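In order, the protein sequence lines correspond to chains A, B and C.
Numbers 0 to 482, taken from numbering that gives the first Met the number 0, label the letters of the first sequence in order.
Numbers 0 to 207, taken from numbering that gives the first Met the number 0, label the letters of the second sequence in order.
Numbers 0 to 227, taken from numbering that gives the first Met the number 0, label the letters of the third sequence in order.
Mixed in with the good hints there might be a few duds.
To be verified - Rough simulated footprint, nothing fancy, chain C against chain B, three-plus residues with beta-carbon under 8 Å:
1. 46-52
2. 70-84
3. 106-119
These are calculated hints, taken from the structure and not from any lab test.
Bear in mind that the values here come from a model prediction, so they are computed numbers and not experimental data.
Glycine included, C-beta positions come from ideal geometry on N, C-alpha and C.
As a plain string of letters, each chain reads:
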Amino acid sequence: MSSPSVQNILNRNNPLTEGNLSRVAQIDRSMRSSVVFFAVMSALWLVVGSILGVISAIKLHAPEFLNTEAFTFGRSRTLHLNMVAYGWSFNAIFAVSIWLMHRLSRVELRNGWVPILGGIGWNLTLVYGMFAIAGGQMTGVEWLEMPREVAPVLGVSFLLIGLWSVVAFSRRQTTHVYVSQWYILAAMFWLPILYLVAQMMILWFPARGTVQAITNWWFGHNAIGLFLTPVGVASMYYFIPKVLGRPIHSYYLSVVGFWSFALFYNWAGIHHLLGGPVPVWLQSAGIVASVMMVIPVLVTAINFHYTTASAQSWGVVWGSPTLRFTVFGAMNYTLSSFAGSLMALRDVNAVTHFTNFTIGHAHHGMHAFLTMALFGAFYFILPRLTQREWPSAALIHLHFWLCAIGTIGYVVVMSIHGWMQGMQWNAAVMTPAQISAAAQPWNFARTICGSLMTIGHIVFCAHVLWMLVPRAEKRQGPTLFAR
Amino acid sequence: MKNLHIIYAGVFFTIAFSWGGLVLSSQIQQADLVPVASEEGGQLYPRKASGYAIQGKDVYISQGCNYCHSQQVRPSGMGGDIARGWGQRSTVSRDYILQDRVLLGTMRTGPDLADIGGRQSSDIWHYLHLFDPQITSPGSNMPSFRQLFELRREGATPSKDAIRIPPTHAAAAPAGYEWVPTERGRNLVAYLRSLKLDYNSPEAKLKE
Amino acid sequence: MNDRRHDSRNQPRNPASGRPFAEDFSDGKLTEVHSQLAREKEEPQEGFASIPVFIVFVFCAFGFWAGVYLTRNSGDFSAATFDLDAVKVVADTGPKAFEPDAAKGEKLFAIQCASCHQATGLGQPGVYPPLAGSEWVAGDEARTIKIILAGMVGEIQVKGVTYNNNMPNVGAGLKDSQVANIATYVRQAWGNTYSPVMDTKVAEVRKSIGARGQYSAKELLSEHPITK
């Protein structure tokens, strides 16, 4: 525990000092090509992946829509998941974690071609993997659908990229290690271990019977919980105090939050198998871990809340694109995590498992929390790297409202319908065909909400590309929502 | 935190702890599960799958059937699986030990298939259902799997495996032609018909 | 913290007007600082507020619950326990004599037949023929059994309406007792008042027809004519 510098804490407006300013400028310049590369890649995958999501959603109320073998529901849905998971969120997280790690460690990125090489390997392999899925070369293992030969290339690419965050950390010029750095560091260690073990125990040397399924969900849930979520949390831990110019409320809460997160999230994945053919003690362990997730989430929420409240300027939260997206993400991190704990309880799970409720929850976490938080990070990072302002406040507005309404609408529609669906299956009165017929209006509403999000993503992607196009006149001053 | 050794050790310990507790312990606990016979010298259950069924499973995976259909029956205290007749008992670990890919599934847009071979043993039903679910299950939102069928010129007599699509159907074969399942289609139906939960396991007994 | 800072200043300075410290540039080259950075705050710090007391109580409560839950729902950490509510299996009382049970038949009907013939037994007009009041259900129980066991295909007249569809051999894989229960239900539901069906009769019919394709209406009528 480092001794706090009281002056630092009391320094209200806290601008970058002159010396740091030029240092930071150098650091930003060194990261420009690699971070912009990952940001553009992530935005492109996001658009393609979202369009496939909408196609899959349409298929649920119009089953013969685009019904060719390559785009049969089982494949278009899988393409959607893999594109938004490995294409969008991984690339976006590479961008954000490289940037955060170098900024917080106060070092320049050296040998920037290494992460870019990794990024090229990563993205080309993903393209190959997507064609393989559309061609029917799926493995049947959720979250690991791409054929197993992609694993070595993806693994090496990940190490090239992830290693650079760790290298930056090990060369750090600061004495204090900030909470965001713990999370990123942990994520960069956790994912390769998870991926290696899952590939080995499921695809290369398959374990027997349901041990496969246990490994599958240990990996699948932890890929979210131990990689995507920690970097999302790291990003929120950085941008909320950063933009407000306030210290994070409590270091002690951060510590408790981090360690309880690391301990409980690891065990929670088994809640995907409740009621299934795995011994009951494993299920109970998964339930307990999922419920205990309330602790890290509550602690983090309190920390964010007091940090934001201490600034006493909700106008800044609402007016800064970075903060509006990040705080939206933070609120939904809390909500979706609490919902997740609730869904792990046996009696609730008996209804919600196997229904749209779970899918709504997945989008709550992956979109309303993670994606929105990453958008917030990009709205901060890209102007600093490109030395250009965002061209249009109106487009950011449009992006926010399309995504916010779309994602909240989606979660609400799916939760209500998922609960109905679970009751209908459990009551054993309606036939399966009657249940799917009763789902039609809900499936239609789902398509509308998904389309809103997708249009928002297209707006975002177009805005990013527009920003990168060289222009004569530059916009002066920050692009904010309100004056 | 300043003591980085604690961070590194903690990060490693937490993941090793969960892997050991969830995965490794299951690997050890389930290591000695073997097929058993319900009576001395009787048939061993779970059965070994036939060659056609194993090939059909690849079709099942490549069409992504597992994203809408689970293959697990929950106990009667959890959900309506048994009340729906999806199985006469809940599934247990032993039922899956001979499968090289376990497809438990996480979503039920359609019904569970752990016992579909016991519930719908008719191959005609499966062919009609895959050709167009509206024939056997009107109102279903399952897509048709026309890629598993081919339109063939009819011989002197209709071939034995031709699918008799009702003549009023929009995709009914034109005169002189007939719909026949491809090899993939036949394998898939063989796989579906092989999915049966019709035996007792030491961990769970059939209801009747 | 080794960050150099000027605490007296609380506004971002215009970078053009200030001279950076020379030691901040390893290569000694002056770097132009862009406007986005000039308005940026210092990297975030941590405050050191203490943990609220109520949180400690919340933790304790959750920890207590977790311990209780895990002890009560561990299933003795056995690999053979899958169902917490599993009742002890009652000793087998030996084979029971079969009695036609329309209630069991109704459950099977819902799974096997209702998607076409509907739970109301009315079918779908013009597509799937009705069973309620159908002359094909009436009379000889062997006809009902044959349809369930082998299925039917092609044109058929039911209650004066012509249908042309394909009924699979749904009964082929069912047990004799299950087919008997379905047949009993069909013959006694929706106002139908025909005799129940025994499993022995199903076994007999199954043996007599052997492994065969679906029936056409004509063939079935020649074996079991409809009597008004």
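The hints, checked one at a time:
Given as covered by chain C, the region 46-52 of chain B fails the check, having 0 residues with a CB less than 8 Å from a CB of that chain where 3 are the minimum. Counting residues of the region 70-84 of chain B whose beta carbon lies closer than 8 Å to any beta carbon of chain C gives 5, which reaches the threshold of three, so the coverage claim holds. Interface restraint, the region 106-119 of chain B with chain C: holds (4 residues with C-beta to C-beta distance below 8 Å; minimum three).
Hint compliance for this structure: hint 1 is the single one not met.
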